[in-house]
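Novice: Protein sequence lines correspond, in order, to chains A and B. Residue 210 in our numbering is what sits at position 200 of the first sequence, and the numbering runs on without skipping anything. Residue 215 in our numbering is what sits at position 205 of the second sequence, and the numbering runs on without skipping anything.
Listed below are the simulated DMTMM-like cross-link pairs for lysine to aspartate or glutamate, each with C-alpha atoms no more than 20 Å apart in a straight line: (1) A:LYS224 <-> A:GLU192; (2) A:LYS224 <-> A:ASP96; (3) A:LYS163 <-> B:GLU149; (4) B:LYS224 <-> B:ASP96; (5) B:LYS224 <-> B:GLU192; (6) B:LYS163 <-> A:GLU149.
Which residues of chain A face chain B? A few of them, derived with a C-beta cut under 7 Å, are: (7) THR113; (8) SER117; (9) VAL166.
Calculated from the structure, these hints are not laboratory results. Each residue gets a CB set at the ideal place from its N, CA and C atoms; glycine is no exception.
Number of protein chains: 2
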Amino acid sequence: MPQRAVVLLSGGIDSSTTLAVALQQGFETYALTVDYGQRHRRELECAGRIARHLGASRHTTVRVDLRAIGGSALTDAIPVPLDRSDAEIAHGIPITYVPARNTVLLSLALGHAEVVGAFDLFIGANAIDYSGYPDCRPEYLAQFERLANLATKAAVEGRGTFRVHAPLLRLTKAEIVRRGAELGVDFSLTLSCYNPDDTGRACGRCDSCRLRLKGFAEAGLRDPAAYVTQ
Amino acid sequence: MPQRAVVLLSGGIDSSTTLAVALQQGFETYALTVDYGQRHRRELECAGRIARHLGASRHTTVRVDLRAIGGSALTDAIPVPLDRSDAEIAHGIPITYVPARNTVLLSLALGHAEVVGAFDLFIGANAIDYSGYPDCRPEYLAQFERLANLATKAAVEGRGTFRVHAPLLRLTKAEIVRRGAELGVDFSLTLSCYNPDDTGRACGRCDSCRLRLKGFAEAGLRDPAAYVTQ
Numbered sequence: 011m012p013q014r015a016v017v018l019l020s021g022g023i024d025s026s027t028t029l030a031v032a033l034q035q036g037f038e039t040y041a042l043t044v045d046y047g048q049r050h051r052r053e054l055e056c057a058g059r060i061a062r063h064l065g066a067s068r069h070t071t072v073r074v075d076l077r078a079i080g081g082s083a084l085t086d087a088i089p090v091p092l093d094r095s096d097a098e099i100a101h102g103i104p105i106t107y108v109p110a111r112n113t114v115l116l117s118l119a120l121g122h123a124e125v126v127g128a129f130d131l132f133i134g135a136n137a138i139d140y141s142g143y144p145d146c147r148p149e150y151l152a153q154f155e156r157l158a159n160l161a162t163k164a165a166v167e168g169r170g171t172f173r174v175h176a177p178l179l180r181l182t183k184a185e186i187v188r189r190g191a192e193l194g195v196d197f198s199l200t201l202s203c204y205n206p207d208d209t210g211r212a213c214g215r216c217d218s219c220r221l222r223l224k225g226f227a228e229a230g231l232r233d234p235a236a237y238v239t240q
Numbered sequence: 011m012p013q014r015a016v017v018l019l020s021g022g023i024d025s026s027t028t029l030a031v032a033l034q035q036g037f038e039t040y041a042l043t044v045d046y047g048q049r050h051r052r053e054l055e056c057a058g059r060i061a062r063h064l065g066a067s068r069h070t071t072v073r074v075d076l077r078a079i080g081g082s083a084l085t086d087a088i089p090v091p092l093d094r095s096d097a098e099i100a101h102g103i104p105i106t107y108v109p110a111r112n113t114v115l116l117s118l119a120l121g122h123a124e125v126v127g128a129f130d131l132f133i134g135a136n137a138i139d140y141s142g143y144p145d146c147r148p149e150y151l152a153q154f155e156r157l158a159n160l161a162t163k164a165a166v167e168g169r170g171t172f173r174v175h176a177p178l179l180r181l182t183k184a185e186i187v188r189r190g191a192e193l194g195v196d197f198s199l200t201l202s203c204y205n206p207d208d209t210g211r212a213c214g215r216c217d218s219c220r221l222r223l224k225g226f227a228e229a230g231l232r233d234p235a236a237y238v239t240q
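Isolated chain A, as found in the complex (with noise of 0.2 Å):
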């Protein structure tokens, strides 16, 4: 019987490729969705098609309401950045970081774990391309499965040990890109952007966008998703 899998899923191509590697490492995957109130909402959309496309088990969402504390361009009416050279995104921790994201994700995926018996983790996490973040951090991950370890009913009672898997850690985007496309992932359902129009067309223009692009172009590849501008 395959082990079982949380997989964290936004709809961006990060976690859809982390998706498509949990299905092709054997593991039985149930992706979860954690809508926290975020202004993509149509990434909340992308995530139901592209675990029906991937051929997730079962796909369920959470609400958490993070704009209730505050505090990031993603949950507030602080405007998104445009426009940012790749200097300007390396550098610092960029104000679409939203508080503890990560914690309060891997927290609510434990959570799911523990209810559907899965001892296996999956966060899209980016050392590289999202340096700024701490918590897409291995030192910051590795914490977490350590605490996962002592949380846990499931782990204390001895039935499993936590891992969390961040394959795409240490992948440069086009990497990722490349990663995602060998094994079959339909990038047109993705959508990346901080800053979508009404119907649902990034705007090229915010960090997500040019990181993404950034990363379709080096690797030589189309991106597929609809753009304003292009």
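Assemble chain B onto chain A, guided by the hints.
Specialist: Leaving out everything else, chain B in the frame of chain A:
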């Protein structure tokens, strides 16, 4: 200027006493109530009244729908066990265990702390009466503290060091009741019951009521809460 603390406040006697301790220690307190779809929704109303009564600077409620990930009598339609003996309550992990609950609560407290500029997190965790909950143990809380200091922009940028305070960790329920009473907590505002009736009266029979009543009895104090059977 007083330091800020985020205090997790459910509306029961433990978290209310914890808030009183944080205030007594001189913190400017930001009370955070997490509405995780629990049955005992009256606790949420109690939390607001207690925050005002004790003098928290702010009270915020954040909703996270743990029902979506399932798994506990507190959020599902599983019956709450009644009339269990002290030995039964003390033995093993109860079915009212909410998967990864304290990890979710602390991660939300951490995000809120980062937004309001706090480095101190207070939680009413107790390792004596709730020995069956893995995420109430001191080693778990110490691990979360380490995680917090890796997870956040505020800590990584060296603006402070997170501390997780669990001032009730090693107190019996009787000691908690006495401590709360000394600090002026009006226990008539609190609700501990897993299973209150429509008018908000406690059942007196669930594990939480039994521990509470035993605590008041051992402290030699009268519980001012309203009970169905008295």
